[in-house]
Amino acid sequence: MNVFQSIRPLEQALNASMVQQRTITSNISNVDTPNYKRQTVSFQDTLQEATKNLQSYKSNPKHVPFSNENNASKTVVKTDQNTLNQSNGNNVDTDVEMAELAKNQLWYNAMVEKTNSQFRDLQTAIRGS
Amino acid sequence: MNLFNGFNTSASALTANRLRMDVVSSNIANAETTRSELVDGEWQPYKRKVVELKENSFESKLQAAMGNGEAPTGVKVSNIKEDDAPNKLVYNPAHPDANEEGYVEMPNVDMVKEMVDMMSASRSYEANVTALNATKSMYMKALELGK
Numbered sequence: 001m002n003v004f005q006s007i008r009p010l011e012q013a014l015n016a017s018m019v020q021q022r023t024i025t026s027n028i029s030n031v032d033t034p035n036y037k038r039q040t041v042s043f044q045d046t047l048q049e050a051t052k053n054l055q056s057y058k059s060n061p062k063h064v065p066f067s068n069e070n071n072a073s074k075t076v077v078k079t080d081q082n083t084l085n086q087s088n089g090n091n092v093d094t095d096v097e098m099a100e101l102a103k104n105q106l107w108y109n110a111m112v113e114k115t116n117s118q119f120r121d122l123q124t125a126i127r128g129s
Numbered sequence: 001m002n003l004f005n006g007f008n009t010s011a012s013a014l015t016a017n018r019l020r021m022d023v024v025s026s027n028i029a030n031a032e033t034t035r036s037e038l039v040d041g042e043w044q045p046y047k048r049k050v051v052e053l054k055e056n057s058f059e060s061k062l063q064a065a066m067g068n069g070e071a072p073t074g075v076k077v078s079n080i081k082e083d084d085a086p087n088k089l090v091y092n093p094a095h096p097d098a099n100e101e102g103y104v105e106m107p108n109v110d111m112v113k114e115m116v117d118m119m120s121a122s123r124s125y126e127a128n129v130t131a132l133n134a135t136k137s138m139y140m141k142a143l144e145l146g147k
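Which chain is which? The protein sequence lines are X and Z, in order. First residue of the first sequence: 1, per this note's numbering; consecutive thereafter. First residue of the second sequence: 1, per this note's numbering; consecutive thereafter.
None of the hints are false.
DSS-like mimics (lysine-lysine), calculated; alpha carbons at most 25 Å apart, straight line:
#1 Z:K54 to X:K37
#2 X:K114 to Z:K136
#3 Z:K54 to X:K78
#4 Z:K136 to X:K103
#5 Z:K147 to X:K114
#6 X:K103 to Z:K141
#7 X:K103 to X:K37
#8 Z:K141 to X:K114
#9 X:K78 to Z:K76
#10 X:K103 to X:K78
#11 Z:K76 to X:K37
#12 Z:K147 to X:K103
#13 X:K37 to Z:K61
#14 Z:K47 to Z:K81
Treat the hints as calculated values from the structure; they're not laboratory data.
Use the sequences and the hints to build the structure in full.
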């Protein structure tokens, strides 16, 4: 068993949070750009979570892998084309973006705290005290 | 993936909004300028300038071409356009630039528009400073990993 197994998902969460941060920053910076559409981050692992209950097996190693076998969680940046709240074709809502920014920052801090506590646990296990 | 992408995005927006502010300042400063440029021996009044903003998508296109997906990027000023709204005619026969009927062509600067633009630019600037600080504090927090 890998010692860092419990830290790997946290690392992916931190990366995803950074992608989200860049997306929010990009939305805020383009708040006055005509025809700019806001971008959102969606996580492929939430999709995988939904398909986890799918019972499947491969009878041949050459078969195309099922979605629940791919454990690399990836983030996908999507463009929100459906809403419109400015007359110049821009759909960035500053209030929403600022709220998302604060939320993402807190989430990131929480993830760092969690990772640190995992490292501390490892250290305790290594030192035995 | 560039580590400081978030900073660059915010920085580009700060630059763009500062330029918008400069253009507004220039418009307000020249609200009464009747001699801006000489065309066929006649002085033309100042024309109001407008900033054209564009999504700075070069990097995201490059990233997409390299198969890294779309990378979100900042904003850039593509053009500073002249507002072609008609000039205001003001009756002032004592003015050195008055025509035969005593009317003077004044710049097409509208103070209300300028003030609205100014507030918009300054609010956007503030929002981007907040975003920049948030990104910075996240990187500072990342340095605490494993401490």
